[in-house]
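Asker: Chain by chain, the residues run as shown.
2 protein chains.
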Amino acid sequence: MESSVGLGEKDWLACCGSVKFAKAMASAGPFSSYQEAVSAATDIWFNKVDVNGWLEAFSAHPQIGESPSKSHKSSTSAQWSKGEQSTALATATESTLQELYEWNARYWQKFGFVFLIFASGRSMPEILAEMKRRYQNRPIVELELAAKEQMKITELRLSKLFSANATAASTTQY
Amino acid sequence: MESSVGLGEKDWLACCGSVKFAKAMASAGPFSSYQEAVSAATDIWFNKVDVNGWLEAFSAHPQIGESPSKSHKSSTSAQWSKGEQSTALATATESTLQELYEWNARYWQKFGFVFLIFASGRSMPEILAEMKRRYQNRPIVELELAAKEQMKITELRLSKLFSANATAASTTQY
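Quick mapping for you: the protein sequence lines, in order, are chains A and B. Numbering follows our numbering, with no gaps: position 3 of the first sequence is 3. Numbering follows our numbering, with no gaps: position 16 of the second sequence is 16.
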């Protein structure tokens, strides 16, 4: 059984750190499938969550290359974040990491939020190149791009949530 | 003489309530003409000020149809705002005002910032119709539209600033 029965606001918040998003998902559910949850999440994220909610969700991410802080609101989100960055960290050298930190600061200075990228499976040089390219963007363009990256991250996390939930449900039912 | 000599951060802030904007204008100036100031302001507003700065500038405006609060950061801005809304207020009835207040609240609820419109010369029914139309927009679309309206307001205010400054300068020089 792959439904969202048993999942709540806290779980949606681990997928995307906007409270407005999590509450809207809780109201829209339960969902009978992962696909249904993704459709709802996409609609809510792009059409219902305002720019303050987008910034709130962005701020739930650590800077890329850094560990989520201990004070992180969602421990599930912190754990997922680490996994999503594993390829990047495995392909990092001391000098690319140094460069990454500098560009993180520069990016934040220009845009006022953390550099967001769907990092799963992407190497450090790839991420650095993308960061330098995106740094050239106008702030409004970058805001929308970041929101699209967040949606990709949300989708991946929803899939993890659904498989974990299916496992838990089957364990409970037998 | 129509230059920006004598104008400072406080004056730019009255045109557009983002501190980042005002500081950047102060660094970019002095400007030898109104046109030069508008070019710099447009570049700064759309390319340098981040989304937090946009929201900060929006929050310097009263809700449309309402007086700027007494605690308003810039008294010049508050006074200009009143003038810009004079046509709207002259064409308002009790019922359109009531409708406006309701839509102000609805708009805020959806977008998380005040409804911004270049109001000079626009009647209340016209503004209400525009508000209802724009309410349908996605948050990111509306954010960019609001920023464009802010830029129109900024241009108008810059022109007022330059003519006041020219008058002051000629008074001083004779």
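Keep in mind that the hints were calculated from the coordinates and are not lab data. For each residue, glycine too, the CB sits at the ideal point set by N, CA and C. Mixed in with the good hints there might be a few duds.
Examples of chain A residues lying across from chain B (beta carbon under 7 Å, computed) [stated by the list, open to error]:
{"id": "1", "residue": "N47"}
{"id": "2", "residue": "D50"}
{"id": "3", "residue": "A105"}
{"id": "4", "residue": "Q109"}
{"id": "5", "residue": "F111"}
{"id": "6", "residue": "R138"}
Asker: In ascending order, which of the hints set out earlier in this document are inconsistent with the structure?
Answerer: When the structure is compared with the hints, numbers 3, 4 turn out to be violated.
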